[in-house]
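Peer 1: The primary structure of each chain is shown beneath.
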Amino acid sequence: MATVTLKPTKVPELMFEGYSITPDAFAGKTAPQIADLPGHEGKFVLKLGDFFEVSGNGGETAADTDIVITGDCTRVKYIGARMTAGTVTVNGNADMYVGGWMKGGKIHIKGNMDSFCGIQMEGGELLCDGDAKNHVGCAYRGDWRGMKGGTIRIKGSAGNDIGTAMLGGTIIIEKNAFIHVSTHAEGGTVIIKGDVEGRVGGQMVKGEMYVLGKIKFMMPGYQKVGTVEKEVDGATYTFDHYIGDLGERHGKSKGQIVYANLYLKAAA
Amino acid sequence: MASGEMIVKGGFIIDPTRKIDGDVGDVAIKDGKIVDKVSSSAKVIDAKGKIVMAGAVDVHSHVAGPKVNAGRLMRPEDKFISGVFRSGMAQKNGYRMESGFSIPSVFKTGYDYARMGYTFVMEAAMPPLLAPHTHEEIHDTPIIDEAALPVFANNWFVMEYLRKGEVENTASYIAWLLKATKGYGVKLVNPGGTAAWAWGLNCLSLNDPVPYFEITPAEIIKGLIEANEYLGLPHSVHLHQNNLGNPGNYPDTIAALKIAEGFKARNKFGREQVMHSTHLQFHSYGGEGWKDFCSKAKEVMDYVNKQKNITIDLGCVTLDETTTMTADGPFEHHLHSLNHLKWTNVDVEMETAAGIVPYIYDKNVTPNAVQWATGLELALFAKDMNRTFITTDHPNAGPFTRYPRVIKWLMSKKAREATIATMKNSDKMIGLTNIHTMDRELTLFEIAQMTRSGPAKCLGLGNVYGGLAPGMNADVGIFDLNYKNLPSDAEKIETAFQRAACFIKGGEVIVRDGEVVSHGHKKTVWVKVKMPENPQVTRDVSQAFTQGTYTVDIRNYPVREYLAPHQSVIDVNVEA
Chain X
1 MATVTLKPTK
11 VPELMFEGYS
21 ITPDAFAGKT
31 APQIADLPGH
41 EGKFVLKLGD
51 FFEVSGNGGE
61 TAADTDIVIT
71 GDCTRVKYIG
81 ARMTAGTVTV
91 NGNADMYVGG
101 WMKGGKIHIK
111 GNMDSFCGIQ
121 MEGGELLCDG
131 DAKNHVGCAY
141 RGDWRGMKGG
151 TIRIKGSAGN
161 DIGTAMLGGT
171 IIIEKNAFIH
181 VSTHAEGGTV
191 IIKGDVEGRV
201 GGQMVKGEMY
211 VLGKIKFMMP
221 GYQKVGTVEK
231 EVDGATYTFD
241 HYIGDLGERH
251 GKSKGQIVYA
261 NLYLKAAA
Chain U
269 MASGEMIVKG
279 GFIIDPTRKI
289 DGDVGDVAIK
299 DGKIVDKVSS
309 SAKVIDAKGK
319 IVMAGAVDVH
329 SHVAGPKVNA
339 GRLMRPEDKF
349 ISGVFRSGMA
359 QKNGYRMESG
369 FSIPSVFKTG
379 YDYARMGYTF
389 VMEAAMPPLL
399 APHTHEEIHD
409 TPIIDEAALP
419 VFANNWFVME
429 YLRKGEVENT
439 ASYIAWLLKA
449 TKGYGVKLVN
459 PGGTAAWAWG
469 LNCLSLNDPV
479 PYFEITPAEI
489 IKGLIEANEY
499 LGLPHSVHLH
509 QNNLGNPGNY
519 PDTIAALKIA
529 EGFKARNKFG
539 REQVMHSTHL
549 QFHSYGGEGW
559 KDFCSKAKEV
569 MDYVNKQKNI
579 TIDLGCVTLD
589 ETTTMTADGP
599 FEHHLHSLNH
609 LKWTNVDVEM
619 ETAAGIVPYI
629 YDKNVTPNAV
639 QWATGLELAL
649 FAKDMNRTFI
659 TTDHPNAGPF
669 TRYPRVIKWL
679 MSKKAREATI
689 ATMKNSDKMI
699 GLTNIHTMDR
709 ELTLFEIAQM
719 TRSGPAKCLG
729 LGNVYGGLAP
739 GMNADVGIFD
749 LNYKNLPSDA
759 EKIETAFQRA
769 ACFIKGGEVI
779 VRDGEVVSHG
789 HKKTVWVKVK
799 MPENPQVTRD
809 VSQAFTQGTY
819 TVDIRNYPVR
829 EYLAPHQSVI
839 DVNVEA
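So the sequences go chain by chain: X and U.
For the record, in the first sequence the residue sitting at position 263 is 263 according to our numbering, with numbers rising by one throughout.
If you count the second sequence from 1, you need to add 268 to reach our numbering.
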């Protein structure tokens, strides 16, 4: 395993598009070659070396490459986007599109993330110790093909539009979320351990949602069908089981209509 | 239009208008026109070892107007998946950013057509009420000359007049509308069916009555052919038939084509057909459902081949993810219920409607593979390539940027077989189509007929576009293909037509080595009919605006001059 360390040296005036910060791009390259990789700031093409001090060479393959960013990346986008293997660790905040379209490997953001993290993710693991803004694991604007696989775990709270058009994978928000959870989803699992404002599962066709806190405003298209015990993220709770969205089309399996499921933790 | 002299030297010239097929020669250009000869000081463009053709003409493409724009708004992901976000060209040369794949931005539309050597593109369906927007967008599309066909076949005036058999009134109304919208000709989209859609209905057969108007699609088509020939317009009626896209629709298609029997083209523009039947691929299906959905290209082309007063374009499926958009409102609803993707539906007052749905033509889905074969078979069964044009009904069956790929498939059986070999259900597809047994490979001459001389003549523009004879527009494409020694690798045919080695328009070099080097001088072409005033039509039109049938005032209806600053007007005089 080879570790490449990036030490932020300059705060970009605009946002720096760090789409080259992936184990895939770093693999097989020396530190000076890595510093020479491109990134956009506005319409200008600059280099990683303009914003980071690079030390350590990349591994032979992406899987052999670990990237550690030792400081704040509040103004750096696309960290780990499209990566297929290896790891990226940021000892601070990150801007938008962390781990977007990623297929494998692991990303650990120790601070907060901005919006669009894990957008259309297909595999791998994305962990954030702080909060995420909006559009966690959602589809690209307009697209109907959302997150397909992998796991996103936000230890803090998240904003709105979580798992829009999700098809697979798991999103765990350990604190609260705002509105629009699993909108248009046709698969996948979203777990919210805190409270949600509302619009949970609107136009959802298929998939699972777990809410351990409260939903302030319930969608009218969901109907309670029973109470069940379920294990969620290592602990077992009693849930009120809702199906929906009753206003949306649903497929059939073995003659039974398959609804989306919302499990809301039952009042003690 | 560039002044000065230029000579394209030593290329293999392919010009069906003069029956020149691969002779080595020069093309002389002066003041934006092709001339017999130029002086020795003319700028020389070397075309040695390359083919030289006239600028290409697209007879049917949806490139400007409200539904194209609604498609762009509805599909940001279309830009994301395939757009050129940061065109090197844009940054280096100060040209505009290009984005989008199936619904490209106006700049990408102009640039990509130019890169493929296209000089003229017909916007195939303009809702008259929204003509001002259509013209704004046409004006914003660089390089290519464009015209637009307003839609007539679901228009309340037209249906009222034709129900009463009033062809002259219909013709007067057409003349008024072409002038108001700066339109080019008469487009019919799902005659009667789109009007029926306002009642939640459709007209799938030619004899389904349109609700309220009590007229049938067959009567609308026949009446509009009569009105079109009464006026003697440069283009014939341009028909998108009823029952599009459904299994077993080919008898309806042939029945609609038969309406043209007995009519003779009456015009001063060299046009011979009285009906152009567009994107015929979507109308040439057999089978009772999707399981036995099959190609009936042979049956349809057997009829087209013997009926000389019809032209067609293919509407080839290119097996891409694309965006369907049409004034055939009920069809788009049907498609949305099949693929569940997002759907836009618009009603345009007394005139038409429109729908938009994204669609993925998947080569592993048998009906899509059959559609792919059907489009190519139409061309391979065609006997007169001057009446058979290459289109993809952009963006409905695929984006126009795939024309070079369609050309590759038409010119190479090997290329067709290579595509068939990648299909999951190739055996099934082969059983439902003819393509596997067809050995025909089209020649470059035939491709030039299908993309140059043919469509130009069909549009009544054969005197300026589609050929390299002296007096015609100096629109010349040079492609890196050796006529004497065509590459055995068909991919190279696609590459050569995708990016012209050089493209000259109006005597100005627009593309060099596949890259745009000038924004050129585009024109908007429209048809102005001069005829004696028809008091009844004038009264009917003004009443529609004053009595509140339209939501706009008549003063705000026409396309104002500033929206179409570079006009090229074709005058048509109708004697009293």
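Do not take every clue at face value.
To be verified - Pairs of lysine to any residue residues, derived as SDA-like cross-links and limited to a Cα-Cα distance of at most 25 Å, are as follows:
#, chain 1, residue 1, chain 2, residue 2
1, U, Lys610, X, Gly149
2, U, Lys610, X, Lys175
3, X, Lys254, U, Leu606
4, X, Lys175, X, Val232
5, U, Lys610, X, His250
6, X, Lys206, U, Thr612
7, U, Lys610, X, Asp143
8, X, Lys206, U, Val633
9, U, Lys610, X, Met219
Because the hints were derived from the structure by calculation, they are not lab data.
Peer 1: Has the given pair, U:Lys610 with X:Lys175, been kept, meaning a C-alpha gap of at most 25 Å?
Peer 2: Measuring from Cα to Cα gives roughly 33 Å; hence the hint is violated.
Peer 1: CA of X:Lys206 to CA of U:Val633, is that 25 Å or under?
Peer 2: Status holds; Cα separation ~24 Å.
Peer 1: Do the alpha carbons of U:Lys610 and X:His250 lie within 25 Å of each other, as the hint requires?
Peer 2: Holds: U:Lys610 and X:His250 sit about 16 Å apart, inside 25 Å.
Peer 1: Take a quick look at whether X:Lys254 and U:Leu606 sit within 25 Å of each other, Cα to Cα.
Peer 2: 21 Å, holds
Peer 1: Within a Cα-Cα threshold of 25 Å, do U:Lys610 and X:Asp143 meet the stated pairing?
Peer 2: 9 Å, holds
Peer 1: Hey, U:Lys610 versus X:Met219, does the alpha-carbon distance stay inside 25 Å?
Peer 2: 22 Å, holds
Peer 1: Given the hinted pair X:Lys175 and X:Val232, is their alpha-carbon gap at most 25 Å?
Peer 2: Given pair X:Lys175, X:Val232 holds - Cα atoms ~15 Å apart, limit 25 Å.
Peer 1: Please verify whether U:Lys610 and X:Gly149 have alpha carbons no more than 25 Å apart.
Peer 2: Distance of about 23 Å is within 25 Å: holds.
Peer 1: Next pair to validate is X:Lys206 with U:Thr612; report whether the Cα-Cα distance is within 25 Å.
Peer 2: Holds, because 24 Å separates the two Cα atoms, which is no more than 25 Å.
The structure does not agree with numbered hint 2 stated previously, though it agrees with all others.
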